Every structure is written in structure tokens, then in C-alpha cells.
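Colleague: So the chains spell out like this:
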Amino acid sequence: GEDVEQSLFLSVREGDSSVINCTYTDSSSTYLYWYKQEPGAGLQLLTYIFSNMDMKQDQRLTVLLNKKDKHLSLRIADTQTGDSAIYFCAEIETGKLIFGQGTTLQVKP
Amino acid sequence: EAGVAQSPRYKIIEKRQSVAFWCNPISGHATLYWYQQILGQGPKLLIQFQNNGVVDDSQLPKDRFSAERLKGVDSTLKIQPAKLEDSAVYLCASSPEATGYEAFFGQGTRLTVV
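So the sequence lines, in the order shown, correspond to chains B and E. Take the first sequence: its letters are residues 1 to 109, numbered as in this note's numbering. Take the second sequence: its letters are residues 1 to 114, numbered as in this note's numbering.
Quick caveat, the hints were computed from the structure, so don't treat them as lab data. Remember, it's a predicted structure, so these values are computed and weren't measured experimentally. Hints are supplied without guarantee of correctness; some may be wrong.
Claimed, not checked - Pairwise CB distance ranges, derived in the manner of DEER restraints:
(1) 55/B to 59/E: 27 to 35 angstroms
(2) 44/E to 40/B: 14 to 22 angstroms
(3) 13/B to 72/E: 46 to 54 angstroms
(4) 55/E to 3/B: 17 to 25 angstroms
(5) 59/B to 62/E: 40 to 48 angstroms
(6) 60/B to 28/E: 42 to 50 angstroms
(7) 19/B to 83/E: 33 to 41 angstroms
(8) 23/B to 5/E: 30 to 38 angstroms
(9) 13/B to 28/E: 20 to 28 angstroms
(10) 82/B to 38/E: 33 to 41 angstroms
Glycine included, C-beta positions come from ideal geometry on N, C-alpha and C.
Chain E with its partners taken away, still in its complex shape (with noise of 0.2 angstroms):
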């Protein structure tokens, strides 16, 4: 079984510009999570899909951070414009339930801010 995919693997912007980034949960999975991992600390949620619903969003700093999930499947996180306090690993999960059990981390994507 393929394991949730992420993309790009790092990435170094300078702050002001806009930076995207992609997700590929595992097949079947209706549950998405993007979470956002300083260094040093625990992964911090940001937004959680159901299909292609938002669950929760209460943690997305809504006037610079946006994520959709198309047609249930992919999903896709951006931030524009980038702050030098953004630079963390963005982690995507999936999981089968919604209450979280078994949620599988893709590799994540290093964002450095300068």
C-alpha cells in the first residue's frame, strides 16, 4: 500500500512570496490533517478535511494560509504572504476514521522562511 505523499521535500522562499504545497493521502482515506511542526516542537493542527469538507479550521491563520481538497482526494496547502515565523515542516496525514485512529504522516515538506 502506497503511503501518503508530499511534495516538495523542502523549499526556501524568501518572506512575502507564496509558496504551495501538495498532498496525495493514501487511497480510501476520507479523513486529511495538515499539521505544522516548528522545530523543537509537536506537530500543530491546522486544518482537518472529511472528504471534501472542512472538520476544523480553528488553528489556520486564515488571512495568509488557505488549503482545499479536491474532489475528496488531493489537497493542496498555500501561503501567501510567507512570514519568517512560517518556516516549519508541514506534515499531511491521512486516516480512514475521523476520530484520528491510525493516521498515516507523509515525509513532510521543510519550509525555510528568509
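Only chain B is shown next, with the shape it has when bound in the complex (with noise of 0.2 angstroms):
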């Protein structure tokens, strides 16, 4: 079934890194992907990951990959203010775009 997990809510302080989790069903999805939402605004794609690969790195962005646990992480470093929003992760089941409930990132000074 469709059901892509997360905690709700993280809080770090400014230059901490942050590590937000998430679980998803379909083990045949071809790309996991995570999204950004700040307020009163759409979702900006950040970065994403295909199911061959175990890691991937993009700046300050690092994902990780455990298809055996359907388990996914996004670790930012050196959090700055500017992140706070809400990250979501998502897959592709069955040709849909299926996400996650979010998780909001909240970066104290």
C-alpha cells in the first residue's frame, strides 16, 4: 500500500547538522526523492536518489539509501537559518509521485 513515513518534527541549532528520516513501502521504486517547503509556497525538489545507489552527495545535502530496511535519510550540514521548512520525502509507486507526511526542520540561532 501507499504509505511513506516520517517523524514530524527536528530541531537543531545553526551550524549542527540535521538528519531526517524516512520509511517507504514499494520496494520496486525506481527514484526516492526529497522535497522542500517553506511557507506559503510549492514543493522545490532538492535532490534525489535511484534505487541503485546506496549514497549520494550534493553540496551540503547527503543521502542515504538502505533498500533491504525501505529506509531513506537526508543529512544537511552546517544547518544554516535558511533551511527551516518542511522536508518531504517521496517515491514512485505504481507511476505515482507519493509523499510523505513531512518533516519540519526548525534551525535555532
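Make the complex out of the two chains shown on their own, each in a separate frame, by following the hints.
Modeller: Next up, the structure:
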């Protein structure tokens, strides 16, 4: 079934690393995504990973994929106040883009 | 490159009234999605078009919601009649591919039903 799960809230101090976790259900997903949503805005694609990869790094962002456990994580290094937003993980399931409920990241100065 | 355009940005209506939302996707994008995002939740797919054909509308409440995509470009989503539980942000997204890779989102239309 369609079920992408995330923890709801994460609070970190500016300069620390943030790790946002996600579990998904469809083992046949070819792509897994991280989207960012700032207040009053649409969703912005941050990064994605192919299902045949274990890790992808893109500047301050590191995505880790554990296919066995169907676990996806997003690490943000040197978190800044501008990183405060809601982060959604998403998977492709039977051709549909399915989202988790989002993790609110709060960055304290 | 212009992004996905949606209008209106905000709409307040009374229950049982009708409302329509409009979306203009990025030029050349074959796939268009409508999502409903209720406050505090992730976006839920309502309908997916490939050009002007429907790929998936399994989550669309067809007794009150309808959507069309004319000539494979612009799309409208209509609710008739609206219920209180329809209060949400309606997001339109488009993608050059059917897989959802690089789906680009509009800013959304915030609907409040009172």
C-alpha cells in the first residue's frame, strides 16, 4: 500500500548537522526524492537518488538509502536558519509520486 | 524558464458552493498532476494527466471533483459542491516525464470552505 512515513519534527542549532529520516513501502520504486517546502510556497525538489545507489552527495546534502530496510535519510551539513522548512520524502509507486507527511525542521540561531 | 502558474492564490467559499482552479504547466511538459495538501499533511495525489489523457484518478472524489486538461496544456480542477473538509492547498505540478522525476510545483491555491 501507499505509506511513506517520516518523523514530524526536528530541532537543531545553527551549524549542527540535521538528519531527517523516512521509511517507504514500495520496494520497486526506481527513484526516491527529497522536497523542501517553505511557508506559503510550493514544493521544491532538493535532491533524488536512484534505487541502485546507496549514497548521493550534493554540496551540503547527503542522501543515504538502505533498500533492505526501505529507509531513506537526508543529512544537511552546517544547517543554516534558511534551511528551516518542511521536508518531504517521496517515492514513485505504480507511476505515482507519493509523499510522506513531512518533517518540520526548526533551526535555532 | 517560466514556472508552473496557478490561480487564484487564495479562495474562500461557503460550503455547497462551486470553485475552480486553474493551472498552466511549464511549456513542453507532458505530465500534469493535481495534489491536495491538507494542513499538517503531505500532498495527496488527486489526478495525473499524460498529455490530455488521464493516467490515474483513483484518489479523486468523483462525486464532487472533476478535472480536465484541454489540448494537453492548461488544466482546471473543479469542486462542486464544496464541503468543509475540502479546505486545503491545491498544488499543481508538471514533469517532462511520466515517472515524476523532476516534478515542478506551482505555489498552490489555498481554499477555505466556511
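Colleague: Give a verdict on every hint.
Modeller: Right, here's what the structure says about each hint:
no. : hint                             : in the structure
1   : 55/B to 59/E: 27 to 35 angstroms : holds, 33 angstroms
2   : 44/E to 40/B: 14 to 22 angstroms : holds, 19 angstroms
3   : 13/B to 72/E: 46 to 54 angstroms : holds, 49 angstroms
4   : 55/E to 3/B: 17 to 25 angstroms  : holds, 21 angstroms
5   : 59/B to 62/E: 40 to 48 angstroms : holds, 44 angstroms
6   : 60/B to 28/E: 42 to 50 angstroms : violated, 31 angstroms
7   : 19/B to 83/E: 33 to 41 angstroms : holds, 39 angstroms
8   : 23/B to 5/E: 30 to 38 angstroms  : holds, 35 angstroms
9   : 13/B to 28/E: 20 to 28 angstroms : violated, 44 angstroms
10  : 82/B to 38/E: 33 to 41 angstroms : violated, 26 angstroms
In this structure, the earlier hints numbered 6, 9 and 10 are contradicted, and the remaining ones agree with it.
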